[in-house]
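Chains as they are written, first to last, in the numbering used here: chain Z, 14 to 318; chain C, 14 to 318; chain S, 14 to 318.
No wet-lab data here; the hints were simulated from the structure.
Warning: the hint list may mix true and false statements.
Said to hold, decoys possible - Derived lysine to any residue pairs resembling SDA-like cross-links, with alpha carbons at most 20 Å apart:
hint: 1; chain 1: C; residue 1: Lys130; chain 2: Z; residue 2: Arg269
hint: 2; chain 1: S; residue 1: Lys201; chain 2: C; residue 2: Phe196
hint: 3; chain 1: S; residue 1: Lys130; chain 2: C; residue 2: Thr293
Treat the numbers as computed from the prediction; the structure is a model and nothing was measured.
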Amino acid sequence: DTTASSAVEVDRIAADPTAIPGPIRRNTPKTHEIELVSREVISEIEDGVQFHYLTFGGQVPGPFIRVRQGDTVILTHKSAPENVLLHNVDFHSVYGTGGGAEATFVTPGQSQTIKFKAMYPGAYIYHCAVPRMDYHISSGMYGMMLVEPEEGLPEVDHEFYFGQNEIYSQQLAGEKGMHEFNFEDMRKETPQYVLLNGEKQAITANRRGALKVKKGEKARIFFVNGGPNLSSSFHPIGNVWTKTWREGAIASNPERFVQTALVPPGSCGIFEMDFPVASTVHLVDHALSRVANKGMMGDIIVEGP
Amino acid sequence: DTTASSAVEVDRIAADPTAIPGPIRRNTPKTHEIELVSREVISEIEDGVQFHYLTFGGQVPGPFIRVRQGDTVILTHKSAPENVLLHNVDFHSVYGTGGGAEATFVTPGQSQTIKFKAMYPGAYIYHCAVPRMDYHISSGMYGMMLVEPEEGLPEVDHEFYFGQNEIYSQQLAGEKGMHEFNFEDMRKETPQYVLLNGEKQAITANRRGALKVKKGEKARIFFVNGGPNLSSSFHPIGNVWTKTWREGAIASNPERFVQTALVPPGSCGIFEMDFPVASTVHLVDHALSRVANKGMMGDIIVEGP
Amino acid sequence: DTTASSAVEVDRIAADPTAIPGPIRRNTPKTHEIELVSREVISEIEDGVQFHYLTFGGQVPGPFIRVRQGDTVILTHKSAPENVLLHNVDFHSVYGTGGGAEATFVTPGQSQTIKFKAMYPGAYIYHCAVPRMDYHISSGMYGMMLVEPEEGLPEVDHEFYFGQNEIYSQQLAGEKGMHEFNFEDMRKETPQYVLLNGEKQAITANRRGALKVKKGEKARIFFVNGGPNLSSSFHPIGNVWTKTWREGAIASNPERFVQTALVPPGSCGIFEMDFPVASTVHLVDHALSRVANKGMMGDIIVEGP
Ligand SMILES: [Cu+2]
Ligand SMILES: [Cu+2]
Ligand SMILES: [Cu+2]
Ligand SMILES: [Cu+2]
Ligand SMILES: [Cu+2]
Ligand SMILES: [Cu+2]
Ligand code: NA
Ligand code: NA
Ligand code: NA
Ligand code: NA
Ligand code: NA
Ligand code: NA
Ligand SMILES: [Zn+2]
Ligand SMILES: [Zn+2]
Ligand SMILES: [Zn+2]
Ligand SMILES: [Zn+2]
Ligand SMILES: [Zn+2]
Ligand SMILES: [Zn+2]
Ligand SMILES: [Zn+2]
Ligand SMILES: [Zn+2]
Ligand SMILES: [Zn+2]
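Extracted from the complex, chain Z is given alone in its bound form (with noise of 0.2 Å):
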């Protein structure tokens, strides 16, 4: 083994899309107590093939955070007392030193907490931000934290939640075994896996299971990009964004219609979709080499006559 870890093993990592808190409809300020929890891990990329993640709450992306515009966080960051390296969070949506990097720093069984006012409204990445913190984010480290607007967001029928992040690893994508990481990969920029929420097609039918909507709904999707280093050419095949939020920044206004939306290694997009024909939407990166092999897709099933 080049890369320490613990031994503990879970059966999914997969975040599931539909694990989002309710949309906020206060009209005052509130004061949040969260733990993230670092959780290092055994899991299978695919059927057969285990890599050493590392995670925020042994998920990925690791767990969705939504608070409102002028609200507080305290905001508590454990370390599992299983695992053996050393973590933190980078929040993008804090002002301060790291996005709350150096005060969140703790060894194995240590916690850490800070407290935080989002001052600024739209949809942020946190991440791990140790040194190599390439290495985590690729191993699994990051997850999204939304801040909305005090108005709050319009009304949907679904909100989804996915991240996308790519693996470096020795071994070719499909072989069967350990996957250690692959440090000279990922100094070229050239992974072997691309996945939405960490595994290979997690949420398709072949896997966890492909996500469901109705004729004539409308849906909300959340995408944060982890990279480390991959932008995103964020695509739903067979539908369109109706609304673009490129890079979270919801204070903006949307763009419409838009394809294919490049989102940023560390940035988030907010997207608006409707369903008006029954149909399979499969989301993708459309840089197509990362779809089929290397495992970037998710589905949404449209049912309806």
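For chain Z, the structure is supplied; the task is to place chains C and S with the ligands on it using the hints.
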């Protein structure tokens, strides 16, 4: 031969940038009957360098399709009988599974017809989307469908049509003879050629001839990036995009005086430009290592006193 | 030596981020006489690592040029007599063949003067554009010309100037001694160094010193991405871009609260940021494998209680 293809040879692959149906002056919807023919052909990337192109209509990019928002399209996809591979078409302008890909899937000599309504305005790519679609698109199977907004587009003096795609070959750029496809380089996203309209510097005086405009005129550029993997940093040397609809999202406000526009793979851009000075404009991907040896350049000569 | 260059040594390549001409308070046009001097020099990327830089003015990025829309520029491009290569300048802010490149082409010791009017507002790159221009830009030959809109820019407390470029070397990052240029790695777009102001982490306490601002102040960042090939995912760690003019297109509306802005090669960005919290801000390319070993970071220390 590692990649199956027919032996049909054609003299010129580069689409004529001026071969665009005229602007739409209707106020009422119309029904179009359109035929797209998949053609596998051998042609030259540059003098003495052969390649097994996969195309729509024997040209790269494929035929420019122009409709109005609300129009109905009856589209027939036909596969030339000399073909040996399977093909289909995914239209980003269409709601429905695969953007029509499943319903247009054909074997050599067959055809399939679909009917759809163009529901949202913008410039949208269409492309082959069979398994290994990255190989099919890299080999030339992409084009543009423009869905004009109901109110139409402002008048300009010229409209030009360009498409970018990258080719992954087992030989180095410039090496004489047949260039066979290189799947490993496509996996690494390191092409040998990056082309504007399918040939090395096709639209320049050295090959198929530069475009010509007159000082004081205004042009609109329709640009489609097939990819399959690279974003284009599309720039007019010696000029500037006076108006830019990034990703072809024409229902949004254009950005003004953009020097270099990022267009992701699987997307389009619409650009307006003025020609106040007699000069030669070179259209390039400003990732400049793609220009000289790899071939990504096209010229507009601005004639005038 | 594989790449011809002179033996002139300079101690510091990194441009001073504060060396910016003051904001323009005129209401009437002006004529500027400006001299840009191409200089080939040897200097250090980091301690003990030498490189044959090609520069404008012996610094990276080259001198910041500031004019007002409608101003006239009489620009003299001079090549230092110690040079051995040919050079010229392409200004993205100029209408005309090569953005002035053909008219400014000079041999060592020569000079050429051009006269032009800055017709459109924005932040524009200038760069050498001789054959193998990717090699010249990678080696340092790029800078920014700001064309202020007629109404000027809002007041801020600080303006800072940064440039990003990637270096392709035959040695690994950090290897002591002379680093020779690597044309094959440039073809593959896999650099060894990605730099802010031409040296590894130049604008940090470890090298040339961090920038300093006071809590409560506001700054404007002028950022030019020379490339020659990589897009930058420009991000302020521990902060956010309160206003973003992507591609330097200042005639467009800025986007608000952007965490990470994609700036293509051959383009610029203008960013405003607030400093509500005493902290250290790290400017990075959020393609994070470019930060530590490859060197792409610069610091702003926010002093305050
Ligand atoms: Cu970590
Ligand atoms: Cu970050
Ligand atoms: Cu095909
Ligand atoms: Cu597509
Ligand atoms: Cu030069
Ligand atoms: Cu340029
Ligand atoms: Na932050
Ligand atoms: Na692998
Ligand atoms: Na579509
Ligand atoms: Na080749
Ligand atoms: Na120009
Ligand atoms: Na090196
Ligand atoms: Zn192991
Ligand atoms: Zn720090
Ligand atoms: Zn599609
Ligand atoms: Zn062959
Ligand atoms: Zn499907
Ligand atoms: Zn230029
Ligand atoms: Zn040397
Ligand atoms: Zn020229
Ligand atoms: Zn950050």
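Tested hints:
{"no.": "1", "hint": "C:Lys130 with Z:Arg269", "in the structure": "holds (18 Å)"}
{"no.": "2", "hint": "S:Lys201 with C:Phe196", "in the structure": "holds (15 Å)"}
{"no.": "3", "hint": "S:Lys130 with C:Thr293", "in the structure": "holds (18 Å)"}
Violated hints: none; the structure is consistent with every hint.
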